[in-house]
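For the record, the sequence lines run as chains A and B.
Here the numbering used here is used: the first residue of the first sequence is 397, the next is one more, and so on.
Here the numbering used here is used: the first residue of the second sequence is 397, the next is one more, and so on.
Please note that the accuracy of each hint is not assured.
Identical chains share a label here; the pair holds if one copy fits it or two copies do between them.
[As the list claims (entries may be wrong)] Below, in silico cross-link-like pairs of lysine-lysine (DSS-like), each with a Cα-Cα straight-line distance of 30 Å or less:
hint, residue 1, residue 2
1, Lys461, Lys559
2, Lys559, Lys494
3, Lys494, Lys569
4, Lys559, Lys569
5, Lys466, Lys569
6, Lys466, Lys559
7, Lys466, Lys494
If you're looking for bench data, these hints aren't it; they were derived computationally from the structure.
Number of protein chains: 2
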Amino acid sequence: MFDAQSAFPQARMTALTAIFTRRSVRAFSSEPLTDQQVECLLAAGMAAPSAGNAQPWEFILLRDKQLLEKIPAINPYAAFAPQAPLGILICGNTTREKYAGFWIEDTSAATQNILLAAHALGLGACWTGIYPMQERVQGFRQLVGAPEYVLPMAFVSVGYPRKAVQTSVDRYKSDRVHHNVWGQQ
Amino acid sequence: MFDAQSAFPQARMTALTAIFTRRSVRAFSSEPLTDQQVECLLAAGMAAPSAGNAQPWEFILLRDKQLLEKIPAINPYAAFAPQAPLGILICGNTTREKYAGFWIEDTSAATQNILLAAHALGLGACWTGIYPMQERVQGFRQLVGAPEYVLPMAFVSVGYPRKAVQTSVDRYKSDRVHHNVWGQQ
């Protein structure tokens with residue numbers, strides 16, 4: 397078992413701070429990540445809940461620069477991908493599902509864990525969306541040679557932030573909260 | 397702005413510990429939650445990333461026991477819902493989307509934040525799936541009187557755990573990790 401806290405005794409950021417100060421990071425230094433950092437991110441993803449505990453996910457680590465340089469053509473919103481030392485392609489594997497169709501939610505929970513773990517390790521990360529945009533799904537599937545039953549859901553760039561990360565913003569919106577009945581605020 | 401760490405100075409659980417020790421909790425004491433705890437959970441959800449930062453989510457707080465007692469008939473896997481002091485129905489609002497179809501991923505990231513925040517506050521929570529099962533979507537929509545453009549994604553029960561929470565389990569599976577190319581391990 398990967399013991400994250402023992403591996404990173406200095407990573408003392410609280411859970412609440414991580415949740416509230418995590419921001420998308422799109423500019424990275426060239427400093428590579430250690431294998432232990434990468435393992436921590438993957439283990440964090442796999443610690444997510446999933447429907448029926450099916451864990452219907454696959455993680456494709458992209459570190460090959462030639463592959464990373466092809467990503468902006470697949471998703472222009474991931475133009476920064478080649479500058480990051482690591483990309484993680486998070487996919488659903490529909491053959492691993494216990495309850496059909498929940499793989500999107502399961503892989504999204506895993507992705508959020510990865511973003512928070514990266515932040516807790518002093519790294520920066522950015523989630524770029526793939527599914528349900530079919531051209532992006534196919535582009536990433538071709539890029540890594542995945543079979544049809546593997547559905548790329550998101551691509552996350554990870555690295556050391558090149559500049560100071562902005563602090564938290566207030567996203568709280570009281571009109572999104574309802575009491576027992578829709579619209580009762 | 398809701399300042400979670402100032403509101404809960406004692407909640408010092410690290411992010412890594414929260415990620416790796418969070419477990420589904422399905423048995424709750426009757427002790428109610430404070431308004432501040434509930435606000436923290438909602439703010440955590442709203443701190444999640446979303447496609448185009450559209451934040452296409454709605455949170456319906458269920459504390460009415462008569463409503464909570466109707467939930468097991470909608471989803472038998474949420475049989476424990478009436479015993480929890482709070483349920484949060486997390487929905488996508490398709491009229492708030494910037495990029496169509498990403499609301500599932502956005503609301504899932506928000507839900508994972510809520511689970512982690514609950515754990516960090518010493519509470520327990522359990523994610524029960526709704527979307528894409530149409531009978532559950534309709535059942536929850538009717539329960540709270542939400543319009544067609546609001547899609548219930550998940551229902552989360554929250555409360556104080558009635559018994560000690562199991563510690564972390566090892567979900568790391570090295571065969572889910574691929575290097576640059578599908579199947580390259």
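Structure-based check of all given hints:
In the homo-oligomer, the alpha carbons of Lys461 and Lys559 lie at most 30 Å apart inside one protomer (22 Å), although the nearest pairing across protomers, at 50 Å, exceeds that limit. In this assembly of identical chains, the alpha carbons of Lys559 and Lys494 lie at most 30 Å apart only when taken from different copies (28 Å versus 43 Å within one copy). In the homo-oligomer, the alpha carbons of Lys494 and Lys569 lie at most 30 Å apart only across protomers (17 Å), although the nearest pairing inside one protomer, at 35 Å, exceeds that limit. For the identical chains of this complex, Lys559 and Lys569 are intra-copy neighbours only, at 29 Å inside a copy versus 34 Å across copies, given an alpha-carbon limit of 30 Å.
Taking the closest pair of Cα atoms, Lys466 and Lys569 come within 30 Å of each other only across two copies (28 Å); inside a single copy the shortest separation is 38 Å, beyond that limit. Proximity of Lys466 to Lys559 under the C-alpha cut-off of 30 Å is restricted to the intra-copy arrangement: shortest distance 25 Å within a copy versus 51 Å between copies. For the identical chains of this complex, Lys466 and Lys494 are inter-copy neighbours only, at 25 Å across copies versus 34 Å inside a copy, given an alpha-carbon limit of 30 Å.
The structure fails none of the hints (numbered hints given earlier).
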